[in-house]
Structures are given as C-alpha cells and as structure tokens.
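Trainee: Sequence:
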Amino acid sequence: MLEYVVSFEQLGVGDIERVGGKNASLGEMISNLAGAGVSVPGGFATTADAYREFLEQSGLNDRINAALDALDVDDVNALVRTGAQIRQWIMEAEFPAALDGAIRQAFAELSAGNDNLAVAVRSSATAEDLPDASFAGQQETFLNIRGVDNVIRAAKEVFASLFNDRAISYRVHQGFDHKLVALSAGVQRMVRSETGTAGVMFTLDTESGFRDVVFITGAYGLGETVVQGAVNPDEFYVHKPTLEAGRPSILRRNLGSKAIKMVYGEEASAGRSVKTVDVDAAERARFCLTDEEVVSLAKQAMIIEKHYGCPMDIEWAKDGDDGKLYIVQARPETVKSRGNANVTERYQLKEKGKVLVEGRAIGQRIGSGPVRVINDIAHMDKVQPGDVLVSDMTDPD
Numbered sequence: 002m003l004e005y006v007v008s009f010e011q012l013g014v015g016d017i018e019r020v021g022g023k024n025a026s027l028g029e030m031i032s033n034l035a036g037a038g039v040s041v042p043g044g045f046a047t048t049a050d051a052y053r054e055f056l057e058q059s060g061l062n063d064r065i066n067a068a069l070d071a072l073d074v075d076d077v078n079a080l081v082r083t084g085a086q087i088r089q090w091i092m093e094a095e096f097p098a099a100l101d102g103a104i105r106q107a108f109a110e111l112s113a114g115n116d117n118l119a120v121a122v123r124s125s126a127t128a129e130d131l132p133d134a135s136f137a138g139q140q141e142t143f144l145n146i147r148g149v150d151n152v153i154r155a156a157k158e159v160f161a162s163l164f165n166d167r168a169i170s171y172r173v174h175q176g177f178d179h180k181l182v183a184l185s186a187g188v189q190r191m192v193r194s195e196t197g198t199a200g201v202m203f204t205l206d207t208e209s210g211f212r213d214v215v216f217i218t219g220a221y222g223l224g225e226t227v228v229q230g231a232v233n234p235d236e237f238y239v240h241k242p243t244l245e246a247g248r249p250s251i252l253r254r255n256l257g258s259k260a261i262k263m264v265y266g267e268e269a270s271a272g273r274s275v276k277t278v279d280v281d282a283a284e285r286a287r288f289c290l291t292d293e294e295v296v297s298l299a300k301q302a303m304i305i306e307k308h309y310g311c312p313m314d315i316e317w318a319k320d321g322d323d324g325k326l327y328i329v330q331a332r333p334e335t336v337k338s339r340g341n342a343n344v345t346e347r348y349q350l351k352e353k354g355k356v357l358v359e360g361r362a363i364g365q366r367i368g369s370g371p372v373r374v375i376n377d378i379a380h381m382d383k384v385q386p387g388d389v390l391v392s393d394m395t396d397p398d
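Every number in our numbering is 1 more than the matching position in the sequence shown, counting from 1.
Calculated directly from the structure, the hints in this document are not laboratory data. Treat the hints loosely; a few may be bogus.
Here are the simulated distance ranges between beta carbons [stated by the list, open to error]:
{"no.": "1", "residue 1": "Asp388", "residue 2": "Arg53", "range": "51 to 57 Å"}
{"no.": "2", "residue 1": "Ser32", "residue 2": "Gln58", "range": "27 to 33 Å"}
{"no.": "3", "residue 1": "Arg167", "residue 2": "Leu3", "range": "26 to 32 Å"}
Just so it is clear, CB atoms sit at the ideal spot from N, CA and C, and this is done for glycine as well.
Sequences are here, hints too, so could you generate the full structure?
Mentor: Given below as structure tokens:
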C-alpha cells in the first residue's frame, strides 16, 4: 500500500529517496540527537511516491515532460513562459483523495486541538544535498501557514516550485533528468523567531575552508532573510578546540546592519503569510545574540557535525516566546568542504582605477567584464555570458 505521509520521528538519514534530504535529516536529528541537546521542532513529510502518484493520476507527467523536452533553457523568456505554465497546471490539479486525507490526519495529530498552529511548509527534493550537487534553495519555503486547507495549498505550491525557473535551469545545466527528481513537502512546527532571531551556521569557515571554527550568522525575525542573503547579518566565529576545552571561545564578532526583518503577515496562506519590515536603530546597533547563545549554538553545531561526520550547513531559530534555540534544518556543506583546507589562495588587483560602485563580494577571486545593472528579475534576459552583474541584492531567483 502506498505511503503518503510520514512523521519526522519515523525518518532517518537512510530515507532520502523516500522524503528527500532535508526531511530525512530532520528525522535523523529528532531520532538520534534530541538526548544530546539538539532541539528540532516536530512535524511530518509527504513522500516522493505521493508526489509521483499526484502527477500520474492528474495526467500531468506527459504534459510536463513534453513541455520540458521542447524547452531551450538558455532562452530566458521561453523559460519564464514554460515554468509559469507548468506551475499553473500543478496548482489547478486536485490532490488524490488519499493524499489529501493523509495530510489532514497528520496535521490534526500535529496540531492536537490547536486550530491556530503555525507551521512552515518546505520543499525537500530527492536529489537534494547529494554530495555532487547543491539543490539547496532551488525550491520554495512557506512560513506561518495556519489551517489545514492552507497547508494543503502550500504543499501544492511546494510541488509546483520544483518547476520554478531557477530549478528547471539548474537541473538542465547540472545534467539531472527532470523525471528522476521528486519532491517531498515537509510540514514543521514554526519557531516564533519573528519576535526572536534566526540565521545560518556552518561548521567550518566559509571563506577559507578552515575546519576548527563554527561560523554563525544571525539577524532579527524569521530566518529567510539570512538564508536568501536579503539582510546583512551579525557574524560570530567560535573556535572549536577552545570551546571543547571549556574556555572562552568566541574569536570574532562582526556587527551587521540587520536593516530589515521578516515577520508574520496578515494572512496565513502561501504568499501572504509573511512580510518584511524595518528594524529600529537601537536593535540594529546591538548584536542579535548573547555570547551564551552563540556558544550554545556552536555546541549544537558540533554535535550535529560529529554525528554526520562531515562539515554541515545548519539553519537555526530562537523562539521569542520561550527563549529557546532550535535547529530547523541541517545539510552537508557542499562547497568549501571539497576544497583543500591547508591551502589559502589570495588574489590581488594590481591596477588602480576610479571606484564606480562598492558592495559585498560573494567569492574570493577577481573578475572582469562589461557591467550590467539589473534592477528587476524581468530584465535578466539582458545578462550575457561574461557580464558583471550589479544588483541591489541577489536572492535565489
């Protein structure tokens, strides 16, 4: 009999093909690390089989495959049109009755009488977080979703996001067959970080690949602003050997501008459940975490890294109501951990010239080419190979 929904508590790292890397990892931590002091909010996941049955029963498989076979992903306008068409097909199709019923039952058990329970609905692709490719950030996340009808709609939005423009393009350029990638929707209790703080941490230095530090970033509100790079966060470096020895271990603190934060919106359905507001000057001028909280996060990060046996990329959130720190996601770090941590390369620009524009660099090398200023995603078709992109910020789109 087909399995449609599985509780996180029943999942482990061996269930990637069943529920994708993200959801399998949440189950692994809940099952194995709760006793070691790692706090992960509970929830459930739809299965990859449920996703496949939905596409098959609704007759979408053939239509989607035909549309993708005819697509040239390097034609930006065609990519936008095809992606929007496929997503519309998915949103207009009905879930099979068995999947709909399974989600309703699982949500009733999770909410246990709390009709106003807020959850996060996240994508977890079956090919995600494999060591040879980073699928992270390719699909959507919906925060502050309330009510089972909104949860079901958000799950459908998550399924549709497997065919957003960047995900389609990424799979083609990485050589992934669209038909071999399936999606699981993870439904997880929300941490009330909208009145607290949230961020991302890595169990190595993301600039140099140095393994003996935990690098923690944080800002106010929901963590999506940090994950997507929409905010300049506070940064903390913690030295692992010193922390293990029980001595003061914070090597460095960098105060970020933290200009905006994401908070709950007026409605609890996908697309309107969160909004971005300005952070007041007093909060911006102080660090979003105390030293005690930084050390607590670093300890949890080290426990997770030791369990998985590799450098990790971890999302955390502090609940503004209970003041506790939670881990909401963890995946293998797939960029710097592959490099040679014993070799540091530095690049120096020898020529001098008038500085036209300054910003935050993403990477350590020097590039050259025609400058292309883009103020709207709609103008991305103007960017040519070799251009230097100048934009207010780069989110995953």
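Trainee: Give a verdict on every hint.
Mentor: Hint-by-hint comparison with the structure:
no.: 1; hint: Asp388 x Arg53: 51 to 57 Å; verdict: violated, 39 Å
no.: 2; hint: Ser32 x Gln58: 27 to 33 Å; verdict: holds, 32 Å
no.: 3; hint: Arg167 x Leu3: 26 to 32 Å; verdict: holds, 30 Å
When each numbered hint is compared with the structure, a violation occurs for hint 1 only.
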